[in-house]
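Just so you know, the protein sequences line up as chains A and B, in that order. Mapped onto the numbering used here, the consecutive letters of the first sequence carry residue numbers 1 to 325. Mapped onto the numbering used here, the consecutive letters of the second sequence carry residue numbers 1 to 279.
Rather than coming from a laboratory, the hints here were simulated on the basis of the structure. Treat the numbers as computed from the prediction; the structure is a model and nothing was measured. Hints are not guaranteed to be accurate.
Far from chain A, some chain B residues (derived; all Cβ distances over 12 Å) [stated by the list, open to error]:
(1) W60
(2) N67
(3) R190
(4) P198
(5) G204
(6) A224
From the derived model, a few chain B residues whose C-beta atoms are all more than 12 Å from chain A [unchecked claim]:
(7) P36
(8) E49
(9) N50
(10) F51
(11) T52
(12) Y56
(13) E61
(14) V70
(15) Q138
(16) V191
(17) P194
(18) R197
(19) D241
Across the chosen pairs, the derived CB separations fall in these ranges [as the list claims (entries may be wrong)]:
(20) A/I223 x B/G101: 50 to 60 Å
(21) B/A23 x A/Q175: 21 to 31 Å
(22) B/T238 x A/H215: 50 to 60 Å
All residues carry an ideal CB built from backbone N, CA and C; glycine is no exception.
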Amino acid sequence: MATLTVQPPLNPLEDPEHFFPKRRKKRNLLPYLLILPAAIAELLIHIIPMALGVYISFVQLNQVSIRNWLAAPFVGFANYVNGLNPAGAIGAEFFETLARTIIYTVLTVGISWSLGTAAAYFLTSRFRGQAVIRMFFLVPYAVPAFVGIIAWAFMFNQQDGLINTVLVDQLHLLQEGPFWLVGPLSFFVLVIVSVWGIWPFAFLLQLAALQTVPHEVHEAASIDGAGRWRTFWGVTLPMIRASNVVLLLLMFLATFNQFNVPFVLFGVSSPKEAQLISPLIYQFSFGTWNFGLGSAVSALLLAFLVIVTAIYVRLVMPKEKSSRA
Amino acid sequence: MRETLSFKVSRAVVLGALIIFVAVPLYVIVVSSFKPLKDVSGQWTWWPENFTIAPYITMWETVPLANYFVNSVIISVSATALALTFGILAAFALTRLRWKGQRAFSLIVLSTQMFPGILFLLPLYLIFVQIQRVFGVQLIGNYGGMIITYTTFALPFAIWMLMGFFAAMPEELEEAAMIDGMTRFGAFIRVILPIARPAIVAVGVFAFMNAWGEVLFASVLTTADTRTLAIGMQAFTTNVDVRWNEAMSASVVISIPVLLAFLLVQKHIVQGLAAGAVK
Chain A
1 MATLTVQPPL NPLEDPEHFF PKRRKKRNLL PYLLILPAAI AELLIHIIPM ALGVYISFVQ
61 LNQVSIRNWL AAPFVGFANY VNGLNPAGAI GAEFFETLAR TIIYTVLTVG ISWSLGTAAA
121 YFLTSRFRGQ AVIRMFFLVP YAVPAFVGII AWAFMFNQQD GLINTVLVDQ LHLLQEGPFW
181 LVGPLSFFVL VIVSVWGIWP FAFLLQLAAL QTVPHEVHEA ASIDGAGRWR TFWGVTLPMI
241 RASNVVLLLL MFLATFNQFN VPFVLFGVSS PKEAQLISPL IYQFSFGTWN FGLGSAVSAL
301 LLAFLVIVTA IYVRLVMPKE KSSRA
Chain B
1 MRETLSFKVS RAVVLGALII FVAVPLYVIV VSSFKPLKDV SGQWTWWPEN FTIAPYITMW
61 ETVPLANYFV NSVIISVSAT ALALTFGILA AFALTRLRWK GQRAFSLIVL STQMFPGILF
121 LLPLYLIFVQ IQRVFGVQLI GNYGGMIITY TTFALPFAIW MLMGFFAAMP EELEEAAMID
181 GMTRFGAFIR VILPIARPAI VAVGVFAFMN AWGEVLFASV LTTADTRTLA IGMQAFTTNV
241 DVRWNEAMSA SVVISIPVLL AFLLVQKHIV QGLAAGAVK
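Use the sequences and the hints to build the structure in full.
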């Protein structure tokens with residue numbers, strides 16, 4: 001909240017020029033010198049590769065032409081047509097994967113948000129052990145992602161993993177342990193493992209957001225006779241709306257681009273029931289060495305993300321903007 | 001607000017279920033790391049019947065884990081140091097100075113946060129190949145390429161968080177120092193940075209965690225000599241005989257440094273996120 005207090009870095013009185021009027025020339029260069037390292041890094045790693053990626057999506061680049069990739073033949077929109085044609089094998093796979101990735105994202109973000117919000121809400125009430133539980137819930141987020149995923153892969157092992165041992169031998173719920181990491185169930189494993197890794201992030205941000213809600217708000221609502229459930233949805237949540245807007249956007253982007261979980265869980269090629277968009281592009285590019293196609297699908301993915309983000313921002317942001325002005 | 005019985009019950013149920021969900025995989029990691037290979041290869045047991053610390057010793061020989069460890073430390077520490085340096089300079093320029101292109105710069109940097117990594121993996125690879133061909137500077141299979149890559153990944157977030165922290169610091173502090181004859185930048189370095197140290201440490205831990213656990217780019221930009229833990233770890237489970245116990249003991253050793261660092265600074269991260277998200 002502290003940062004909300006209006007801070008005018010542009011106040012002319014606080015300008016260095018006010019104290020050192022003769023140094024005008026030096027001052028003009030200083031900001032650019034300061035951002036130079038960051039700008040170079042961004043250019044080299046983010047911006048130029050991005051532009052190059054768009055270029056590659058218009059050429060035919062494969063194992064052979066990659067040796068001299070600057071001379072790869074120009075093929076116009078052929079890669080896009082290839083990737084977008086729902087009648088072709090590649091186009092069909094792309095649309096199917098896109099749809100699956102959307103379902104996966106909605107499920108993962110929805111569940112993670114609910115768990116994180118519930119945990120943060122309950123942990124703002126005081127009781128014994130509260131601080132310990134709070135720390136404990138952050139552990140899955142703090143350990144490297146691949147560590148948690150490997151543990152889950154071990155647990156979901158068909159033959160004698162923890163999950164099947166418990167279901168079959170200890171609880172006698174099933175006759176035979178199903179295959180979790182191949183076939184249709186792999187999609188649900190993907191969601192569970194992803195939720196385990198990302199829900200603490202929702203928890204962390206909600207915890208931070210709830211700290212900014214003054215206690216009196218709840219008291220006032222409860223005097224009005226509103227129950228906890230109604231107070232939360234009607235009073236608390238609207239008050240932390242701004243940070244939830246950011247939280248949902250960050251979780252959406254991270255989940256939609258998910259690569260680590262399928263890569264560590266299934267290896268280089270996912271079962272077809274659990275194929276997501278990032279591993280699919282990886283497979284196009286580094287599995288079948290069709291870099292042009294991989295780049296075209298990448299460009300489409302970026303376009304999709306930009307459009308979704310723009311719509312989202314437009315839908316939820318206006319309120320914040322006008323209230324800040 | 002009064003805590004009714006139904007509230008207490010639902011709190012116990014929700015938190016209890018979450019504790020189990022979080023704890024089981026963590027328990028599996030720790031307990032499996034103390035089992036001999038034959039016990040982790042067979043049916044799952046909740047308790048290590050033949051308790052042993054052997055996996056913690058043999059894991060260093062099964063795969064060149066020590067090399068991976070050194071690689072990960074070099075790359076992650078360097079990337080963190082660079083990201084902090086670049087981030088502090090840029091965040092200072094963005095919060096304390098006024099210049100043309102300021103808004104555009106911060107917008108571009110922050111929007112790169114949404115680029116899916118898979119999108120520029122291949123182009124980046126090709127650029128590195130080309131740089132090597134033209135300038136003779138090797139970036140693939142070399143620490144430099146990984147360091148600059150992870151530095152850049154951490155930058156948008158570092159700049160965003162640091163801007164939040166710096167903006168919250170009163171400028172009067174620097175002005176007092178400037179009257180004493182320091183330049184604006186000098187005053188910032190000597191007065192603001194020491195105060196902002198907890199925040200900077202928090203951002204650093206964040207950058208370190210990201211580099212320590214990154215998989216996608218490490219899988220393409222590293223070679224046998226520069227392989228990081230995130231990729232090298234997979235050798236335990238993809239080799240002909242799967243050594244789950246060693247994979248788990250390695251997991252414990254790899255996790256402890258980041259886990260401790262994160263839990264130590266989590267308060268500052270919460271504050272920084274709160275400040276940043278509210279803006």
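- Could you check the structure against the hints above and give me the numbers of any it violates, in ascending order? Nothing - there is no hint that the structure violates, so all of them hold.
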